[in-house]
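Q: Each chain is listed here by its residues.
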Amino acid sequence: EPEVTQTPSHQVTQMGQEVILRCVPISNHLYFYWYRQILGQKVEFLVSFYNNEISEKSEIFDDQFSVERPDGSNFTLKIRSTKLEDSAMYFCASSVSEGRFSNSPLHFGNGTRLTVT
Amino acid sequence: DQQVKQNSPSLSVQEGRISILNCDYTNSMFDYFLWYKKYPAEGPTFLISISSIKDKNEDGRFTVFLNKSAKHLSLHIVPSQPGDSAVYFCAASASRAGNNRKLIWGLGTSLAVNP
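For the record, the sequence lines run as chains A and B. Quick note: to get this note's numbering, add 1 to the position in the first sequence (first position is 1). Quick note: to get this note's numbering, add 13 to the position in the second sequence (first position is 1).
Everything labelled a hint here was simulated from the structure, so no lab data went into it. Incorrect hints may have been included.
Said to hold, decoys possible - The calculated lysine-lysine pairs, modelled on DSS-like cross-linking and capped at a C-alpha distance of 30 Å, are:
| no. | chain 1 | residue 1 | chain 2 | residue 2 |
| --- | --- | --- | --- | --- |
| 1 | B | K18 | B | K81 |
| 2 | A | K84 | B | K18 |
| 3 | A | K79 | B | K69 |
| 4 | A | K84 | B | K84 |
| 5 | B | K67 | B | K81 |
| 6 | A | K58 | A | K79 |
| 7 | B | K67 | B | K18 |
| 8 | B | K18 | B | K69 |
| 9 | B | K69 | B | K81 |
| 10 | B | K84 | B | K67 |
| 11 | B | K69 | B | K84 |
| 12 | B | K81 | A | K79 |
Claimed, not checked - Listed below are several chain B residues computed to face chain A (Cβ distance under 8 Å; list not exhaustive):
| no. | residue |
| --- | --- |
| 13 | L47 |
| 14 | S62 |
| 15 | D72 |
| 16 | R74 |
| 17 | F102 |
| 18 | L120 |
As the list claims (entries may be wrong) - Chain A regions said to be covered by chain B (calculated; three or more residues, Cβ under 8 Å):
| no. | stretch |
| --- | --- |
| 19 | 24-31 |
| 20 | 72-83 |
Ideal Cβ placement from N, Cα and C applies to all residues, glycine included.
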């Protein structure tokens with residue numbers, strides 16, 4: 002079964018450094034997402050992406066964050082200057098469609114654990 | 014932000030019995046609800062969903078019930094199997110342009126099915 006793949010599985014970085022988290026969505030999916038889960042807290046929506054542009058973003062997704070689909074397969078999340086509070090598990094997801102009352106659930110990758118020291 | 018609440022952090026059930034996981038929500042704009050299952054070191058996996066026009070959706074051993082007046086939904090697993098042991102997340106969204114864009118998640122319930 003096709004799956005969403007994320008690399009690396011664990012990233013350790015120093016505060017203030019830039020990090021890029023990489024994702025390869027399922028090949029026929031058109032909608033891409035980033036979510037994150039801080040340890041012990043809820044999974045939180047960050048951003049959705051369709052047709053090479055952001056379709057929605059949360060208040061968490063400030064100017065320090067950016068997303069890009071640099072080629073036909075990769076979908077990346079960049080954090081420009083990491084803060085301690087950015088430490089979390091970051092999940093990439095993709096879906097065939099928006100899923101309005103249809104069965105188009107999000108398919109998640111296994112996540113990248115980001116540790117900012 | 015407690016729009017989606019899963020008040021039981023953990024649940025333990027004997028194999029073969031029914032597992033009932035509960036979820037409450039506060040936002041009356043939510044009209045699409047999903048359950049995801051998560052194993053350690055893996056991402057969430059979609060399990061079952063229900064839209065607000067229904068009050069029940071069934072898929073094999075999994076049934077989701079929605080009580081809109083109570084703003085409550087539940088996931089029933091019957092019979093429970095040891096492989097069902099995982100964290101179960103309830104999530105909800107308010108459809109505007111689409112359901113998937115912004116899911117609001119509960120904290121999860123860790124289910125242990127004992128052989």
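Q: State for each hint whether it applies.
A: Tested hints:
Distance hint between B:K18 and B:K81 is fulfilled; the C-alpha atoms sit about 15 Å from each other, no more than 30 Å. A C-alpha spacing of about 28 Å is found between A:K84 and B:K18, which places the hinted pair at or below 30 Å, so the restraint holds. Restraint check for A:K79 and B:K69: not satisfied, since their Cα atoms lie roughly 41 Å apart, outside the 30 Å limit. This hinted pair does not check out: A:K84 and B:K84 have alpha carbons roughly 37 Å apart, beyond 30 Å.
Between B:K67 and B:K81, the direct Cα distance comes to roughly 9 Å. Compliance with the 30 Å bound is thereby established for this hinted pair. In summary, the hint linking A:K58 to A:K79 is supported, as the alpha carbons are separated by about 14 Å, within the 30 Å threshold. Proposed proximity of B:K67 and B:K18 is supported: the alpha carbons are some 21 Å apart, at most 30 Å. Note on B:K18 and B:K69: the hinted pairing holds, with a Cα-Cα distance of about 20 Å set against a maximum of 30 Å.
Our distance criterion of 30 Å between C-alpha atoms is met by B:K69 and B:K81, whose separation comes to about 11 Å. With a C-alpha separation of about 13 Å, the suggested pair B:K84 and B:K67 falls inside the 30 Å cut-off, and the hint holds. Distance hint between B:K69 and B:K84 is fulfilled; the C-alpha atoms sit about 14 Å from each other, no more than 30 Å. With a C-alpha separation of about 39 Å, the suggested pairing of B:K81 with A:K79 is violated against the 30 Å cut-off.
This hint holds: B:L47 has a C-beta 7 Å from the nearest C-beta of chain A, less than the 8 Å allowed. Residue-level restraint check for B:S62 holds (minimum Cβ-Cβ distance to chain A is 7 Å; threshold 8 Å). For the restraint placing B:D72 at the interface with chain A, the shortest Cβ-Cβ distance is roughly 10 Å, beyond the 8 Å limit, so the hint is violated. Interface restraint check: B:R74 against chain A, minimum CB-CB distance 18 Å, threshold 8 Å, status violated.
Interface hint status for B:F102: upheld, as the beta-carbon distance to the closest one in chain A is roughly 7 Å, under 8 Å. The restraint placing B:L120 at the interface with chain A holds, with a minimum CB-CB distance near 6 Å, inside the 8 Å limit. Counting residues of the stretch 24-31 of chain A whose beta-carbon sits less than 8 Å from any beta-carbon of chain B gives 0, not enough to reach three: the coverage restraint is violated. Interface restraint, the stretch 72-83 of chain A with chain B: violated (0 residues with C-beta to C-beta distance below 8 Å; minimum three).
Of the hints listed earlier, those the structure fails to meet are numbers 3, 4, 12, 15, 16, 19, 20, in rising order.
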